[in-house]
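S.K.: This is what each chain is made of:
Number of protein chains: 2
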Amino acid sequence: MNKSFLIRSIYRNTNEYLSKEVKITGWIRTLRSSKVFGFIEVNDGSFFKNIQVVFGDNLENFKEISKLSISSSITIIGLLVETPEAKQPFEIQAKEIIIEGLSDQDYPLQKKRHTFEYLRTIAHLRPRSNAFSAVFRVRSVASYAIHKFFQEQSFVYTHTPILTGSDCEGAGEMFKVTTLDLHNIPKTEEDSIDYKKDFFGKETNLTVSGQLNAETFALAFRNVYTFGPTFRAENSNTTRHAAEFWMIEPEIAFADLSDDMELAEDMLKYVIKYVIDECPEEMDFFNQFIDKGLLDRLNHVINSDFGKITYTEAVEILQNCGQMFEYPVQWGIDLQTEHERYLTEEHFKKPVFVTDYPKEIKAFYMRMNEDNKTVAAMDCLVPGIGEIIGGSQREERLDVLKSRMAELNLKEEDYWWYLELRKYGATKHAGFGLGFERLIMYITGMGNIRDVIPFPRTTGQSEF
Amino acid sequence: MNKSFLIRSIYRNTNEYLSKEVKITGWIRTLRSSKVFGFIEVNDGSFFKNIQVVFGDNLENFKEISKLSISSSITIIGLLVETPEAKQPFEIQAKEIIIEGLSDQDYPLQKKRHTFEYLRTIAHLRPRSNAFSAVFRVRSVASYAIHKFFQEQSFVYTHTPILTGSDCEGAGEMFKVTTLDLHNIPKTEEDSIDYKKDFFGKETNLTVSGQLNAETFALAFRNVYTFGPTFRAENSNTTRHAAEFWMIEPEIAFADLSDDMELAEDMLKYVIKYVIDECPEEMDFFNQFIDKGLLDRLNHVINSDFGKITYTEAVEILQNCGQMFEYPVQWGIDLQTEHERYLTEEHFKKPVFVTDYPKEIKAFYMRMNEDNKTVAAMDCLVPGIGEIIGGSQREERLDVLKSRMAELNLKEEDYWWYLELRKYGATKHAGFGLGFERLIMYITGMGNIRDVIPFPRTTGQSEF
Numbered sequence: 004m005n006k007s008f009l010i011r012s013i014y015r016n017t018n019e020y021l022s023k024e025v026k027i028t029g030w031i032r033t034l035r036s037s038k039v040f041g042f043i044e045v046n047d048g049s050f051f052k053n054i055q056v057v058f059g060d061n062l063e064n065f066k067e068i069s070k071l072s073i074s075s076s077i078t079i080i081g082l083l084v085e086t087p088e089a090k091q092p093f094e095i096q097a098k099e100i101i102i103e104g105l106s107d108q109d110y111p112l113q114k115k116r117h118t119f120e121y122l123r124t125i126a127h128l129r130p131r132s133n134a135f136s137a138v139f140r141v142r143s144v145a146s147y148a149i150h151k152f153f154q155e156q157s158f159v160y161t162h163t164p165i166l167t168g169s170d171c172e173g174a175g176e177m178f179k180v181t182t183l184d185l186h187n188i189p190k191t192e193e194d195s196i197d198y199k200k201d202f203f204g205k206e207t208n209l210t211v212s213g214q215l216n217a218e219t220f221a222l223a224f225r226n227v228y229t230f231g232p233t234f235r236a237e238n239s240n241t242t243r244h245a246a247e248f249w250m251i252e253p254e255i256a257f258a259d260l261s262d263d264m265e266l267a268e269d270m271l272k273y274v275i276k277y278v279i280d281e282c283p284e285e286m287d288f289f290n291q292f293i294d295k296g297l298l299d300r301l302n303h304v305i306n307s308d309f310g311k312i313t314y315t316e317a318v319e320i321l322q323n324c325g326q327m328f329e330y331p332v333q334w335g336i337d338l339q340t341e342h343e344r345y346l347t348e349e350h351f352k353k354p355v356f357v358t359d360y361p362k363e364i365k366a367f368y369m370r371m372n373e374d375n376k377t378v379a380a381m382d383c384l385v386p387g388i389g390e391i392i393g394g395s396q397r398e399e400r401l402d403v404l405k406s407r408m409a410e411l412n413l414k415e416e417d418y419w420w421y422l423e424l425r426k427y428g429a430t431k432h433a434g435f436g437l438g439f440e441r442l443i444m445y446i447t448g449m450g451n452i453r454d455v456i457p458f459p460r461t462t463g464q465s466e467f
Numbered sequence: 004m005n006k007s008f009l010i011r012s013i014y015r016n017t018n019e020y021l022s023k024e025v026k027i028t029g030w031i032r033t034l035r036s037s038k039v040f041g042f043i044e045v046n047d048g049s050f051f052k053n054i055q056v057v058f059g060d061n062l063e064n065f066k067e068i069s070k071l072s073i074s075s076s077i078t079i080i081g082l083l084v085e086t087p088e089a090k091q092p093f094e095i096q097a098k099e100i101i102i103e104g105l106s107d108q109d110y111p112l113q114k115k116r117h118t119f120e121y122l123r124t125i126a127h128l129r130p131r132s133n134a135f136s137a138v139f140r141v142r143s144v145a146s147y148a149i150h151k152f153f154q155e156q157s158f159v160y161t162h163t164p165i166l167t168g169s170d171c172e173g174a175g176e177m178f179k180v181t182t183l184d185l186h187n188i189p190k191t192e193e194d195s196i197d198y199k200k201d202f203f204g205k206e207t208n209l210t211v212s213g214q215l216n217a218e219t220f221a222l223a224f225r226n227v228y229t230f231g232p233t234f235r236a237e238n239s240n241t242t243r244h245a246a247e248f249w250m251i252e253p254e255i256a257f258a259d260l261s262d263d264m265e266l267a268e269d270m271l272k273y274v275i276k277y278v279i280d281e282c283p284e285e286m287d288f289f290n291q292f293i294d295k296g297l298l299d300r301l302n303h304v305i306n307s308d309f310g311k312i313t314y315t316e317a318v319e320i321l322q323n324c325g326q327m328f329e330y331p332v333q334w335g336i337d338l339q340t341e342h343e344r345y346l347t348e349e350h351f352k353k354p355v356f357v358t359d360y361p362k363e364i365k366a367f368y369m370r371m372n373e374d375n376k377t378v379a380a381m382d383c384l385v386p387g388i389g390e391i392i393g394g395s396q397r398e399e400r401l402d403v404l405k406s407r408m409a410e411l412n413l414k415e416e417d418y419w420w421y422l423e424l425r426k427y428g429a430t431k432h433a434g435f436g437l438g439f440e441r442l443i444m445y446i447t448g449m450g451n452i453r454d455v456i457p458f459p460r461t462t463g464q465s466e467f
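From first to last, the protein sequence lines stand for chains A and B. In this text, residue positions in the first sequence follow our numbering: the first is 4, and each later residue adds one. In this text, residue positions in the second sequence follow our numbering: the first is 4, and each later residue adds one.
Derived by calculation from the structure, the hints in this document are not laboratory data. Keep in mind that the hints are not guaranteed to be accurate.
Since copy identity is lost for identical chains, a pair holds within one copy or between any two.
Straight line, CA to CA, 27 Å or less: simulated DSSO-like cross-link-like pairs of lysine-lysine [unchecked claim]: (1) Lys6 with Lys151; (2) Lys114 with Lys70; (3) Lys200 with Lys70; (4) Lys352 with Lys426; (5) Lys405 with Lys365; (6) Lys205 with Lys179; (7) Lys26 with Lys38; (8) Lys190 with Lys200; (9) Lys414 with Lys362; (10) Lys352 with Lys272; (11) Lys179 with Lys38; (12) Lys426 with Lys52; (13) Lys362 with Lys52; (14) Lys426 with Lys115; (15) Lys115 with Lys352; (16) Lys190 with Lys205; (17) Lys90 with Lys295; (18) Lys311 with Lys352; (19) Lys295 with Lys272; (20) Lys70 with Lys426; (21) Lys190 with Lys365; (22) Lys276 with Lys6; (23) Lys6 with Lys272; (24) Lys199 with Lys179; (25) Lys179 with Lys200; (26) Lys190 with Lys179; (27) Lys151 with Lys276; (28) Lys272 with Lys38; (29) Lys52 with Lys115; (30) Lys70 with Lys26.
Based on the provided sequences and hints, a complete structural model is requested.
M.R.: Shown next as structure tokens:
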């Protein structure tokens with residue numbers, strides 16, 4: 004028997020292995036032993052649950068095995084037998100246990116519970132804990148669900164650039180990228196920075212959104228999506244902001260705001276359902292230990308028809324609801340999380356799209372409505388979190404777009420290629436952005452963005 | 004009839020639509036008309052091929068339609084009928100054509116052929132051409148194939164960080180990332196740069212590889228992979244180097260170099276086969292117009308058992324083959340593309356793994372062989388390109404790793420977390436890196452990396 008089996012495979016296809024000799028490898032999660040036999044819980048990372056191994060003093064290295072510390076890695080060959088009277092469905096009766104690698108006694112993930120704060124300081128080891136094993140498997144499965152959802156509908160996955168000379172939102176704190184010698188910045192005769200000497204010959208930043216680039220591809224492939232890292236150099240130390248995070252940005256041509264909302268609703272339901280179906284052990288864990296009521300809430304999302312309401316209607320509801328808010332509500336304000344959560348949790352009791360926001364609080368590329376005051380934007384609000392998706396129909400009319408850019412002092416030459424899309428066969432088109440980490444927080448119930456990113460980057464934090 | 008159908012769907016499921024009224028949208032690729040009727044080739048981006056639309060002067064806007072310029076966007080409602088005597092299998096007899104957006108007469112992608120060099124200057128429009136429509140759909144489908152391959156085997160997709168304080172290879176030109184004011188760099192009392200004032204409080208770069216981070220996850224999940232952007236600030240103006248490119252880096256625990264090669268071979272075959280199966284129209288186009296013989300070469304790869312040879316044997320073959328090389332061959336040199344191509348194209352006539360390279364030309368983390376001269380590294384060479392994959396078994400022995408790092412003057416404190424993986428249940432493990440653009444060049448036959456990246460970033464080039 005050469006290769007070891009995945010513990011996942013033994014759990015999922017038990018009948019193929021029962022009463023047979025199996026070989027597995029993994030790390031010791033717990034070990035207890037008496038003078039003549041012992042039990043090991045082994046986890047190989049392929050599955051949330053451990054497998055139980057029983058060993059006896061028939062093993063020639065029985066004493067050595069008995070003393071192994073937590074997280075030692077071992078190979079086990081033995082018989083898989085049913086254990087109808089025990090908590091676990093089966094166990095392995097070891098015939099041979101080979102030590103692969105020892106673990107020092109100071110291994111930090113001993114059995115006692117650790118705080119998430121502490122576990123962040125050992126981000127290289129925390130995926131070996133139950134919570135983070137579950138989080139990062141869900142993150143992986145949800146990533147795949149996103150690709151599957153779009154690819155099955157023939158969307159073209161588009162790798163938009165990370166390094167960019169343009170600033171999509173016309174705002175947003177950006178990271179500078181350079182190869183200049185910071186000890187000795189080259190200057191021009193006018194004493195400004197000589198970017199001609201930099202790698203790209205001009206100022207370059209890390210992208211805050213792939214949308215403008217994605218629009219060019221949507222006007223060629225009709226339906227496209229991005230899924231990649233984006234960056235914000237915002238100095239905000241909250242549980243919901245990271246400097247580096249992944250975003251999904253679909254963009255659809257021959258489509259309006261209502262098509263956009265339909266796509267967003269379908270996508271959210273698809274991904275949530277896929278994770279619940281594929282990760283039942285992990286989702287049970289979250290529901291029990293991280294966020295009671297999580298599964299009810301997610302199942303409710305899957306089975307609801309999302310509500311729809313305009314911004315103007317939302318403002319009226321909030322003004323007349325009798326609820327006290329920290330930020331008072333009047334037409335023109337940007338809705339705060341407290342407002343969003345009231346709408347989705349108290350008023351609608353299900354996810355809701357708010358549409359047609361005042362142009363002043365939205366980006367230049369959003370399509371102007373006929374009232375000339377609001378734009379065809381939509382935010383999707385979900386119970387327990389507030390805004391999870393923001394999108395819009397894009398302004399496809401060259402003259403309207405240009406005059407909007409002029410109002411905002413955006414230079415046409417910086418957007419020449421974006422404007423050209425409106426000259427050569429423009430069509431209505433729309434898209435949205437979904438912050439992937441927000442989605443993972445929503446699906447897992449984890450409360451801090453640092454705990455859904457393998458190696459989070461936030462102000463002052465780039466360890467590992 | 005509200006929504007338009009995808010042209011892809013009409014081609015793939017023709018019988019569902021034949022003799023029925025259909026609604027499509029798209030951009031005009033060609034239009035010719037007489038006084039009483041006309042033909043339009045329409046492409047909606049969902050499919051490589053166009054669909055032919057016939058229209059007559061029964062349309063009330065017949066004259067207007069007749070004059071439409073290339074790339075105008077239109078909606079067509081009409082009857083789908085078979086055309087057994089024509090080149091195309093079917094056409095739409097238009098009952099109504101609605102103009103969505105006009106295209107200016109100076110649209111740059113007129114019917115005449117353009118050079119790839121020119122098309123790079125209109126990267127926002129080039130995906131509307133046949134070649135780039137094919138390239139970027141294949142890029143998307145190949146991306147999905149990679150995810151599918153790994154996810155079906157329960158590998159955990161791991162988003163390793165883009166912003167990093169560590170330099171994986173202990174070398175490599177990196178981009179600096181900063182929020183410091185370049186006009187006025189803050190200095191310490193000793194006149195060095197005061198990185199405490201920078202966003203992360205220390206020097207930060209763009210990653211050149213996610214491998215070290217991926218290893219931490221492999222030692223928790225057993226089998227993991229990355230797929231994300233990586234960066235090199237190398238000032239090399241070649242057809243094969245870009246400053247920003249995507250990499251796939253699987254990492255497998257309880258696995259040695261031979262498992263690693265098996266995984267690499269399986270993955271390459273899977274992805275190539277998937278693209279050939281899913282993109283037959285695109286692959287035919289490449290085979291006819293870009294690289295004759297492409298499909299034969301790819302099918303040969305799918306059906307070969309890859310060869311295996313050590314570096315030492317490879318050097319002997321090259322020294323005794325009677326071929327003149329620009330770079331003379333002796334034990335210890337890094338193999339050049341000419342050597343690699345000789346081995347795979349002339350000697351083996353199929354893909355081949357070269358293993359066990361001199362330690363001096365490989366990275367510090369590769370596992371030392373018993374001869375203490377070579378390391379357990381492997382490169383996969385393929386006909387037509389040379390090296391496409393580089394991988395190794397990783398050094399899991401703490402003492403050997405530390406002494407290797409000392410030889411190379413790497414500081415242990417910079418790698419504390421990487422070293423700890425060897426303290427807490429180390430196991431043999433291995434992995435490799437695949438440059439995604441190299442793979443796309445190989446699958447499509449495209450000769451320049453700038454033509455397989457939506458918006459390429461190379462020295463001096465960050466437009467769009």
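S.K.: If a hint holds in the structure, say so; if it doesn't, say that too.
M.R.: Hints versus structure:
no.: 1; hint: Lys6 with Lys151; verdict: between (30 Å within a copy, 22 Å between copies)
no.: 2; hint: Lys114 with Lys70; verdict: within (16 Å within a copy, 76 Å between copies)
no.: 3; hint: Lys200 with Lys70; verdict: neither (62 Å within a copy, 49 Å between copies)
no.: 4; hint: Lys352 with Lys426; verdict: neither (44 Å within a copy, 50 Å between copies)
no.: 5; hint: Lys405 with Lys365; verdict: within (16 Å within a copy, 54 Å between copies)
no.: 6; hint: Lys205 with Lys179; verdict: both (11 Å within a copy, 15 Å between copies)
no.: 7; hint: Lys26 with Lys38; verdict: within (25 Å within a copy, 78 Å between copies)
no.: 8; hint: Lys190 with Lys200; verdict: both (9 Å within a copy, 22 Å between copies)
no.: 9; hint: Lys414 with Lys362; verdict: within (19 Å within a copy, 54 Å between copies)
no.: 10; hint: Lys352 with Lys272; verdict: within (16 Å within a copy, 49 Å between copies)
no.: 11; hint: Lys179 with Lys38; verdict: neither (63 Å within a copy, 59 Å between copies)
no.: 12; hint: Lys426 with Lys52; verdict: between (57 Å within a copy, 24 Å between copies)
no.: 13; hint: Lys362 with Lys52; verdict: neither (51 Å within a copy, 40 Å between copies)
no.: 14; hint: Lys426 with Lys115; verdict: between (64 Å within a copy, 20 Å between copies)
no.: 15; hint: Lys115 with Lys352; verdict: neither (38 Å within a copy, 58 Å between copies)
no.: 16; hint: Lys190 with Lys205; verdict: both (13 Å within a copy, 24 Å between copies)
no.: 17; hint: Lys90 with Lys295; verdict: within (23 Å within a copy, 62 Å between copies)
no.: 18; hint: Lys311 with Lys352; verdict: within (12 Å within a copy, 62 Å between copies)
no.: 19; hint: Lys295 with Lys272; verdict: within (20 Å within a copy, 45 Å between copies)
no.: 20; hint: Lys70 with Lys426; verdict: between (74 Å within a copy, 16 Å between copies)
no.: 21; hint: Lys190 with Lys365; verdict: neither (37 Å within a copy, 39 Å between copies)
no.: 22; hint: Lys276 with Lys6; verdict: between (34 Å within a copy, 26 Å between copies)
no.: 23; hint: Lys6 with Lys272; verdict: between (38 Å within a copy, 21 Å between copies)
no.: 24; hint: Lys199 with Lys179; verdict: both (15 Å within a copy, 17 Å between copies)
no.: 25; hint: Lys179 with Lys200; verdict: both (15 Å within a copy, 15 Å between copies)
no.: 26; hint: Lys190 with Lys179; verdict: both (17 Å within a copy, 18 Å between copies)
no.: 27; hint: Lys151 with Lys276; verdict: both (13 Å within a copy, 18 Å between copies)
no.: 28; hint: Lys272 with Lys38; verdict: neither (53 Å within a copy, 52 Å between copies)
no.: 29; hint: Lys52 with Lys115; verdict: within (18 Å within a copy, 61 Å between copies)
no.: 30; hint: Lys70 with Lys26; verdict: within (21 Å within a copy, 72 Å between copies)
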